[in-house]
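Novice: For reference, the chains in residue letters:
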Amino acid sequence: MTVQSRFGEYGGRYIPETVIPALDELAEAYEHLRQDAGFRQELDSLLDSFVGRPTPLYHAGRLSGELGGPKVYLKREDLCHTGAHKLNNTVGQILLARHMGKTRVIAETGAGQHGVASATAAALFGIPCVVYMGEEDIRRQELNVVRMKLLGAEVVPVYSGSRTLKDAINEAIRDWVTNIENTYYIIGSVVGPAPYPAIVRDFQTVIGQEARRQMLAAEDRLPDEVVACVGGGSNSIGIFTAFLADDSVRLTGVEAAGEGLETGRHGASISRGSKGVLHGSLSYLLQDAYGQILEAHSISAGLDYPGVGPEHAFLHDEGRVKYGSVTDRQALDAFTLLSELEGIIPALESAHAIAYVVKHAADYATGDIVLINLSGRGDKDVHQAAQALGIME
Amino acid sequence: MSRLEDVFRKSSKKALLMPYITGGYPGMDGCRRVLRSFIDAGADIIELGVPFSDPLADGPVVQASTQQALADGITTDDVLALAGEFTNQLPVVLLVYYNCIYTYGQDRFLEAAAVHGLSGLVVPDLPVDEAGDFVAACHVHGIDPIMLVAPTSLDERIAMIAENASGFIYCVSVAGVTGARASLGDNLPAFLERVRSRTNVPLAVGFGVSGTEQAAEVSKYADGVIIGSRLISMVDAADDLESACRNVEEFLNEVNEVLK
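Chains as they are written, first to last, in the numbering used here: chain V, 1 to 393; chain L, 394 to 653.
Hints were generated in silico from the structure; no laboratory data involved.
Among the hints, a few may not be true.
Unchecked claim - Pair by pair, the computed Cβ-Cβ distance ranges are: (1) V:E66 / L:D465: 49 to 55 Å; (2) L:L547 / V:H32: 16 to 22 Å; (3) L:E606 / V:F50: 48 to 54 Å; (4) V:E135 / L:D470: 30 to 36 Å; (5) V:G152 / L:T480: 53 to 59 Å; (6) V:D48 / L:E606: 56 to 62 Å; (7) L:D470 / V:E259: 26 to 32 Å; (8) V:E9 / L:A464: 57 to 63 Å; (9) V:A289 / L:G535: 23 to 29 Å; (10) V:T2 / L:A464: 41 to 47 Å; (11) L:G420 / V:T178: 29 to 35 Å; (12) L:G420 / V:T2: 46 to 52 Å; (13) L:D465 / V:G343: 35 to 41 Å.
Beta carbons are placed, not taken as given, at the ideal position from N, Cα and C, and that holds for glycine.
Starting from the given sequences, assemble the full structure and let the hints guide the process.
Specialist: Here's what the structure looks like:
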């Protein structure tokens, strides 16, 4: 079976010709390796002993009590090594890079979590790693910059465009085009040209596979709804995929409404965007009438992206996944709420998923089971949250 | 007959002079004057860029010019109209990222391009496997879809690109983004030979051509020389538009001499 390159009309490879042979090489290597028992074993062993899988499924009792309706479970991806789901993907891709004989890896990062996960995976195998990061994000996510440097990665600030994730991706692609012979590009989300969206999805699917099994063990039934935040969309695809065939399970992606959808300052590519081509694939984008990409806005650097993975565009059009949004304010409130009620400080990204359930708490029937993907922990966000919440002078 | 191929066929030069500037840079009127300098210096074909917010095939020099043009409010319509002012004098091709075409509406874009007399479209992020509809639509409107080929392209891809090509084939000199380079590497002749043996369409070389020596070298193997970043750098460095145009014209004159 060949690696999926289109999701309905979405996806594709809208990328300079120079890169196409490398994408062909990647697709071929991946097709071969994913069916290879040795590769699978190598990956599973790392997921188990290095990433720390399986991650727990946690019944958030006090949060459920507070909400009064739904019974909330959290899939604890925040307990993965490095603090987020991102390592599932980078460990998989670093193995691919090694099997393909690449001697250098590059990555882009927004919140820094993918950069840290890439640097970590690269350190594990002693492969030089360069991470592109927008100057604006470097300012917002200083902790992760330090972590990447400690892990031996070179962090390259990106000053072009909006100086955030989208520009970091542009710069990583430019590096890749220039160093295509020896360099592997570790994309951090289900975006980019084919075969990346399918590869990243496959490496993240472990989240949903575990959660589905754990849910059946805990409740002897499937959840009524699965909720996850959507920036590029890797943690959400990761947890949704295992439930796609379960018609009784509602799947909900939560986009960043930023300062409010009506203000235009948000990151809601599906809720408020239109079809277009960015970073190699056709999907939904924030753009003007001439196709110029607009800046996204979110308090969460990881959701501050004007596009979304092509499979999400497809799942939206198909109606299989419903997409909602919450504002910066609602996410901050959920950030505080989960910290106080459960002793878990969530990443601001993941706080969007929590906030969605809080916002719609009244819509659930008593006993409804909601599974939320807690994609990352919030240590990286404490400075920003403290400022926004007025905790520090 | 393609107007572009016609110009290549009828020329007695070793290679055609094909300068590039970002549309609307530096300013609409400034760009207009730079384009006149191109023509005065003997340009055979002009390449005009449509500014795009995320030009991932471009190096820092072109990026900065497109960001400036966008900041100045230059739109796709402005660049189409600007191109239209010159298409009666010589063939003009647009360099345009695919999202600018997609969002404008492919047919509407091609219609506008045809109305303004454009000869070809270079779409750096639309490889041949994604270009089926686009190539067919270009032919309907009498515009050449300019295919790009890279040193990394395998022979079977070159064959596929050649099959879809008309006007000229844009040969990317080195793996990388646009920008002036000191050297184009030793592999260029072999690469161009791989392309040449699979097509009769003229070959133009771009990405990294920065001076007369390189232009002379390229003209031994190719039918056209595309120069962009070097010209934009000259505009950037000049104190005023007057001297920018003078410098560009002098430089292109020198290049043109070695291409004759």
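Novice: Next step is simple, just say for each hint if it's right about the structure.
Specialist: Status of each hint after checking the structure:
Checked against the given bound of 49 to 55 Å, the beta carbons of E66 (chain V) and D465 (chain L), roughly 53 Å apart, stay inside it. Evaluation of the 16 to 22 Å hint for L547 (chain L) and H32 (chain V) yields a pass: the beta carbon distance comes to about 18 Å. Remark: the range hint 48 to 54 Å for E606 (chain L) to F50 (chain V) is upheld by a beta-carbon distance near 53 Å. Take E135 (chain V) and D470 (chain L): their Cβ atoms lie about 32 Å apart, and the range 30 to 36 Å holds.
Against the hinted window of 53 to 59 Å, the Cβ-Cβ separation of G152 (chain V) and T480 (chain L) comes to about 54 Å, which satisfies the hint. Separated by about 59 Å at the C-beta atoms, D48 (chain V) and E606 (chain L) satisfy the suggested range of 56 to 62 Å. Checking the proposed 26 to 32 Å range against D470 (chain L) and E259 (chain V) shows it holds: the Cβ atoms sit about 31 Å from each other. Range check, E9 (chain V) to A464 (chain L): Cβ separation about 33 Å, and the 57 to 63 Å hint is violated.
The hint said 23 to 29 Å for the Cβ distance between A289 (chain V) and G535 (chain L), and at roughly 26 Å that hint holds. The given range of 41 to 47 Å is respected by T2 (chain V) and A464 (chain L), whose C-beta atoms sit roughly 43 Å from each other. At roughly 31 Å, the beta carbons of G420 (chain L) and T178 (chain V) sit within the given window of 29 to 35 Å. Distance hint check for G420 (chain L) and T2 (chain V): the Cβ-Cβ separation is about 49 Å, which falls inside the suggested range of 46 to 52 Å.
One distance hint, 35 to 41 Å for the beta-carbon pair D465 (chain L) and G343 (chain V), is violated here, with the actual separation near 53 Å.
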